[in-house]
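Residue numbers (full-length UniProt numbering), protein chains in the order written: chain R, 1 to 872; chain H, 1 to 564.
None of these hints come from the bench; they were simulated from the model. All residues carry an ideal CB built from backbone N, CA and C; glycine is no exception. Keep in mind that the hints are not guaranteed to be accurate.
Stated by the list, open to error - With beta-carbon atoms standing in for the labels, derived distance ranges: (1) R/Asp618 <-> H/Asn149: 37 to 47 Å; (2) H/Gly410 <-> R/Lys470: 45 to 55 Å; (3) R/Ser119 <-> H/Ala210: 33 to 43 Å; (4) R/Ser495 <-> H/Ala372: 50 to 60 Å.
To be verified - Here are some, though not all, of the chain R residues that point toward chain H, as calculated from beta-carbon distances under 10 Å: (5) Ser326; (6) Gln350; (7) Gln369; (8) Ala541; (9) Tyr542; (10) Tyr584.
Stated by the list, open to error - Sample of chain R residues lacking proximity to chain H, with all beta carbon distances greater than 10 Å (derived): (11) Ala137; (12) Ala153; (13) Ser297; (14) Ser351; (15) Ala516; (16) Val533; (17) Gly535.
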Amino acid sequence: MRTTPWFLRSRRLRRVAAAALVVDLGLGVLFTALAVSAGAAETSSATASAASTGSSVTVRWVEDRASFDPDYVDATTPDPQDRNQPLFTDLEVTVSQTKDLTDQGLQVSWKGGRPSVGSGAGADFLQLMQCWAGPGASGPTPEQCQWGTPSGAVAAQTGTATSTRLLFEGDEADPKQDLGADRTHAQFGRDPEKLVPFWSVDDPEKKDLGWVNDAYNQPPYNSAQSNEVTYARTAADGTGQYIVNLQSALSSPYLGCGNPTLTRAGYSCWLVVVPRGEFNLNGARADTHDDSLPQNSQYVAGSPLSASAWQDRIQVRLSFTAIGASCRLGDNEIATAGSELVAAAFSSWQSALCSQGTTLGYSQVGDGQARSALQAGGDGSPGLTFMTDPIDPATTGDADIEYAPVSTSGLVVSYLIDKNYTGDTDNPDRGANGTLVTDLRLTPLLVAKLLTQSYRGDTPGNGQTSQVSKDNPVSIRTDPEFLALNPDFAYFYKSSAPDGLVVPFGDTDAAQAVWAWLRSDTATRRFLSGQTVGGVTINPAYRDLGLESDETLASFPKADGATFLPASAPKTAPEFGTLDMRPYASSFTDGARRTVTASSGSKTTWDVTKVPAQYVSDGSQTPGTRFEMAITTSQAASLYGLPVASLVSDRTDTGPGVAPTADAMTKELARRVATAAPGVYRVDPMKDVEGGYPLTMQTYAAINVCAAGTTELTAYARLLDYVAGGGQNPGTKLGQLPLGYAPLGAADKAQARSVAADLRAEIAKPRCPSHQATADPSPTSGPTTTPPTPTPPPTQAQPPLSGPTAPAVVQAPVAAPTAAAPGAVVDARALGITPVAQVSPAARYAVLAALLFALPCLVAGPTIVRAGRRSR
Amino acid sequence: MPSRLRGLVVTAVLATVACLGLTSAPAMADAYTPITGEGSSWAANAIDDWRASVVNAGIKVNFAAAGSVAGLTGFAQGNSDDFAASDIPYGVKDTSPDPPGRAFAYIPDVAGGTALMYNLTVAGKRFTNLKLSGPTIAGIFAGSITRWNDPKIAAENPGVALPPLKVTPVVRSDGSGSTAQFSLWMAKQFGSVWKCGQISFFTQCGSYKATTHQAKSGDNGVAGFVAQAGNAGSIGYVEYSYALQSGFPVAKVLNKAGFYTLPTASNVAVALLKAKITMTPGPTYLTQNLDGVYVDPDPRNYPISSYSYFVVPTQLQNGFTNPKGKTLSAFVRYALCDGQQKAPTLGYSPLPINLVQAGLNQVKRIPGAETAAIDIKKCNNPTFSADGTNTLAKNALYPDLCDKSTAKAGCVYGTPSNGSKSASTGGQGDQNSVGAKPTGTGSTTTSTGSATTGGAGTPVVGGAAPGATTAGAASGAGAGAAAGAGAGAGTGSGGQVSILNPDGKTSCDPDTGQCTQLAASPAELPLDHVSAVSRWAVWLMIGLLLCLILAPPALVLSSRKAKS
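I would like the entire structure built from these sequences, with the hints used as guidance.
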């Protein structure tokens with residue numbers, strides 16, 4: 001027996017073998033390194049997801065202060081040059097969530113601050129901004145922060161340059177600020193100015209944007225895009241809070257938050273809070289400033305990016321969910337359509353399914369459109385649509401329509417209200433002036449008054465031209481019923497009032513549910529029928545709409561036909577009407593967006609500079625006086641971080657009311673009632689469920705089994721399997737159930753899986769003639785003479801609702817997977833749900849490295865064994 | 001043994017190579033810079049749908065439905081708009097702003113019908129079968145027809161007890177492309193009634209009276225006004241999708257063939273076969289001349305059909321950058337291809353192949369566009385067919401005889417105007433008006449052909465099938481079954497209307513039973529689909545690895561055993 005292995009027999013082979021070995025081991029080492037580094041990046045994000053609920057962070061201003069300002073020794077020996085520092089020593093800022101973030105509202109609160117002075121950004125306020133930082137950096141630099149593009153209205157509320165990136169020269173100059181060449185911007189035809197440029201994370205060479213070659217020196221964002229908080233005021237008790245609209249790399253690629261490549265390379269994202277005191281950058285007291293100077297000259301001046309202000313910052317590291325481009329454009333989409341209530345969840349599920357090769361499309365249409373589109377059949381019509389109420393079985397004929405529950409969410413009244421108190425010393429809450437209201441309570445009657453323009457201020461001309469009763473309150477804020485539930489509002493400035501209640505246009509089952517809920521309350525039903533309740537009478541324009549009895553009403557009417565000519569408009573101008581002052585939102589989500597931006601879209605300002613002159617937008621409300629309310633979905637409210645009203649039965653109710661938590665929604669669903677369609681249930685507002693949230697909405701996927709092709713059915717079955725499995729794990733990662741939804745109960749998941757099984761059974765063994773016709777002729781199914789009577793699939797009896805799912809507050813869901821039903825686990829595996837989504841780059845590199853190392857062993861091992869044996 | 005070893009080595013090497021390929025294409029997102037546009041509210045429901053659809057591809061598009069004129073103006077002036085959406089081109093006299101200083105191109109984005117949405121109660125019930133001719137419509141909006149029981153309206157709706165209610169024409173208060181298209185149609189066809197010519201600001205028309213008309217901002221505002229129960233007697237012009245959203249009916253409009261038709265996806269597709277597109281390169285390239293649409297003799301024509309356009313930059317000006325161009329081109333490409341699939345569901349009509357082709361060529365002119373990705377063969381559009389004709393138009397159903405201008409009072413729907421291709425009761429009947437409550441009695445079919453659902457309003461591709469389901473008299477005596485494939489898609493009525501297989505890939509002629517592959521049949525899942533491939537590759541790797549670890553000792557053991 002020869003001992004020399006075949007690959008060492010000739011010189012050439014030996015060389016080749018040696019080279020191969022070197023290359024192989026080299027690559028192995030390389031991939032090991034990659035695996036280790038990628039693994040390290042993942043570990044941090046893995047820890048993050050485990051701690052999603054507990055990722056709130058509180059930072060005290062005095063912590064690590066010396067690392068920001070070498071001249072600071074301790075709280076008693078602050079930086080002698082920075083006279084503001086003693087004002088900040090008690091400040092501590094809490095960020096509600098720092099992990100698994102996405103494009104969302106982030107609640108930032110603080111205490112121990114100095115109460116804000118004056119109005120707007122006079123003195124003692126905070127400035128907040130989102131920033132990025134490079135690999136290895138302990139935090140961002142001023143160049144890395146999205147800042148300096150306030151809206152005109154906001155800028156008008158601040159001191160000189162306080163909302164900008166500009167740096168002072170001369171008397172006002174910041175002694176600590178370098179004004180060198182890289183802070184100097186020369187532009188043709190203008191004096192060079194000093195400012196802090198913006199550097200984009202996606203342009204490290206600064207080629208396109210920000211500084212060196214940019215003719216306009218425009219940052220890549222503008223006031224509509226930037227999420228900077230120009231000023232946030234602190235209440236008299238030293239507290240304050242603000243909802244910051246975080247931006248992922250999807251919205252702001254120049255910050256790169258959640259961009260997986262950047263995260264792996266060590267880039268990070270930050271929230272920076274710059275407190276401003278009462279002194280300017282040059283150390284002078286702001287309010288001693290010469291007030292012969294222009295506007296706001298006694299306000300604190302100078303950019304927070306200037307060194308003396310920047311050194312007082314608090315910074316909190318934020319970790320974002322990796323943004324997905326999980327779906328490729330151009331892959332053939334399998335159509336679905338339907339209710340907005342499922343849109344956000346669908347988007348998340350879609351990304352998970354895309355990465356498994358199933359590309360589903362979705363068009364948001366009203367429930368009624370979803371029902372008729374499903375029945376239309378044919379190509380171009382979706383074979384699966386989402387709706388709350390089923391199609392009337394009497395109209396479906398022979399069609400085999402199957403229903404699977406997919407999501408549970410709720411309709412909410414969300415709001416954004418700044419406490420805008422007068423100086424009344426009787427007000428027990430006056431210390432909180434300027435902060436957000438977070439404990440609003442509403443009754444069905446109050447919502448009914450808002451929806452029917454029964455407050456005079458919600459009609460054109462404040463009731464001067466409308467038929468609305470002169471005895472009705474001007475706004476909800478002056479309504480005694482409202483004040484009985486929310487007494488602090490009595491101390492608001494008189495003019496404070498919301499821009500009505502923002503609602504979307506179009507017919508939806510959601511709107512229908514709102515009216516059903518209003519009718520379920522006796523007093524509200526009396527009000528809707530025209531009786532005076534608590535001194536308030538419905539706007540006569542709504543009296544004849546049959547609101548108290550018309551169960552088919554599925555939209556929010558805006559019926560007051562009065563018009564009004566504002567004083568600013570000439571006599572020749574047309575008068576504006578209800579739809580101009582209280583316009584529809586385009587969707588529930590759009591309503592939430594209008595609320596969070598404090599911009600209802602009302603157009604009652606006559607603008608003569610337009611050609612032709614016309615009514616234009618009234619603009620956003622300014623911070624400190626914001627007062628917006630909207631009916632939206634629990635999901636949209638969670639996404640934007642908006643507070644939502646608790647619902648109570650009437651004005652005498654002293655309880656906290658019921659809020660749209662996952663627990664309350666699940667409780668409500670436990671008492672749902674059957675509909676005419678088998679397997680479809682709905683919430684009955686007439687049933688008073690203890691602790692249940694009455695505006696809970698259960699959304700179903702309806703599948704027109706025979707009208708959909710087998711390709712579609714396969715995709716729909718995958719969707720439903722996913723929905724019943726991983727798609728119900730709450731969280732902000734792609735594929736998870738977004739915030740604001742309550743996970744489905746075990747019985748609903750089982751029903752969804754059972755429908756998925758039916759669809760697969762239909763593919764395997766078609767019952768529908770349409771599928772039999774296209775199926776390959778199989779030897780067993782000869783030419784059939786029996787008329788293929790459409791056989792409805794075995795309707796599964798709805799299993800009794802099992803125990804409610806684990807209660808979880810919707811606003812802060814548990815990110816860890818909820819204990820899934822055993823079946824779900826099996827199902828997910830059968831589907832192959834996990835592999836790709838969860839085989840991380842680290843694992844891939846590791847596999848590769850192991851393979852490369854194994855290769856020489858494989859070859860050499862037996863050789864050595866043989867050689868050993870031989871030598872023995 | 002050596003030969004076996006050799007085999008193993010070869011396998012391992014191959015696996016390594018495969019694995020290398022795998023990791024070199026990590027599932028990393030293409031980064032897209034967000035873009036912002038504004039304009040047409042007429043097209044906004046489609047544009048919003050596309051915007052939502054591309055999010056999971058990592059694309060963020062901001063869009064404000066500020067009206068066509070605001071869109072054109074914003075794009076021309078500032079640095080904030082990366083694109084505009086408009087129903088009208090630049091430089092239409094007294095209608096739209098002059099062409100901007102920056103270089104631009106038009107790209108048609110979606111077709112649709114300008115619908116006349118109305119709110120009318122007859123005999124205590126919402127009336128849903130209103131028929132109007134062009135001169136009557138012009139009279140209503142010019143303010144010369146002021147009552148619903150006007151003899152002109154009554155003559156077109158015989159047997160209907162129209163109320164003596166005031167007519168409230170609802171128009172756009174903002175600069176609007178739909179106002180421009182609507183007024184152009186009236187000016188060119190019924191100039192004796194409509195004297196204002198083409199305008200984009202309705203309020204500038206001499207016929208506009210604040211006491212008669214209601215001017216509202218955006219399609220949303222017009223539809224919102226008409227949809228108020230209290231605003232009975234109002235009628236406004238909006239894109240069909242807004243009527244579908246609110247469940248209110250739209251008028252059937254008289255065409256040159258003498259039929260009253262609805263703005264369904266297929267009727268709009270038929271009508272736009274007669275649109276003349278400017279194919280001469282230049283600043284008006286791809287703009288539309290609709291004169292032929294107005295006078296089209298096809299009975300299925302919906303006369304107020306038009307295209308809407310994206311206006312895109314073709315040079316790096318006004319703050320437009322190559323990264324933005326990459327985003328814009330990907331977004332427009334999606335809109336022109338897959339986005340068109342969704343048009344009928346929303347209430348629009350998909351673009352035909354020639355405009356998609358021309359549009360895609362325009363996309364290539366956007367700076368930063370990823371031109372390699374632009375390929376009409378991968379474009380998944382429901383109007384494409386093998387022979388280049390518009391599938392949607394070709395298979396559009398003919399109107400019912402009761403919708404003929406000569407139909408008598410009390411006409412009973414159910415007689416098609418064209419025997420070989422007919423809408424039977426469903427397609428264009430009385431009950432199909434948008435949003436009417438379902439009154440269908442279910443299918444009466446005993447057909448052996450197909451088990452289609454309840455007769456499904458319009459069996460045409462697309463299901464812009466108006467709100468209600470009607471009894472679909474699928475009387476087809478098995479023709480559907482004979483034709484075999486395709487029965488599932490149509491109504492099965494006489495087997496005449498089957499259009500597409502449920503798989504959406506083949507089109508079958510019910511007369512001949514011949515099936516053809518659509519040109520735009522969806523491509524097979526490409527092999528470079530990282531995720532799908534890597535799923536299997538990863539499992540393969542794990543398997544191989546196990547082999548590599550377990551095989552040598554096993555081999556050694558076995559060889560040892562053999563020796564002993």
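Here is how each hint holds up against the structure:
1. At roughly 41 Å, the beta carbons of R/Asp618 and H/Asn149 sit within the given window of 37 to 47 Å.
2. Distance hint check: the CB atoms of H/Gly410 and R/Lys470 are about 50 Å apart, consistent with the given range 45 to 55 Å.
3. Taken as a hint, the range 33 to 43 Å holds for the pair R/Ser119 and H/Ala210, whose Cβ atoms sit roughly 39 Å apart.
4. Our hint of 50 to 60 Å for R/Ser495 and H/Ala372 holds, since their Cβ atoms are close to 59 Å apart.
5. Of the supplied interface hints, the one on R/Ser326 holds, with its beta-carbon coming within about 6 Å of a beta-carbon of chain H, less than 10 Å.
6. Contact between R/Gln350 and chain H, as hinted, is supported at the beta carbon level, the nearest pair being about 6 Å apart and thus within 10 Å.
7. The criterion of a C-beta within 10 Å of any C-beta in chain H is met by R/Gln369, whose closest approach is roughly 6 Å, and the hint holds.
8. Annotation: interface hint on R/Ala541 holds; nearest CB of chain H at approximately 6 Å, less than 10 Å.
9. Nearest Cβ of chain H to the Cβ of R/Tyr542: about 8 Å, under the 10 Å cut. The hint holds.
10. For R/Tyr584, the interface hint holds, the least distance from its beta-carbon to any beta-carbon of chain H being 5 Å, beneath 10 Å.
11. At roughly 21 Å from the closest C-beta of chain H, the C-beta of R/Ala137 stays outside 10 Å, upholding its exclusion from the interface.
12. Annotated as non-interface, R/Ala153 keeps its C-beta farther than 10 Å from every C-beta of chain H; the closest such distance is 17 Å.
13. Under the 10 Å C-beta cut-off, the non-interface status given to R/Ser297 relative to chain H holds; the minimum distance is some 31 Å.
14. Remark: the non-interface label on R/Ser351 conflicts with the geometry, its nearest Cβ contact in chain H lying 5 Å away (cut-off 10 Å).
15. Non-interface call for R/Ala516 relative to chain H: holds, since the shortest CB-CB distance, roughly 17 Å, exceeds 10 Å.
16. With a least CB separation of 22 Å from chain H, R/Val533 remains clear of the 10 Å interface cut-off, as annotated.
17. With a minimum CB-CB distance of about 24 Å to chain H, R/Gly535 clears the 10 Å threshold, and the non-interface call stands.
Against the hints set out earlier in the document, a violation occurs for number 14 only.
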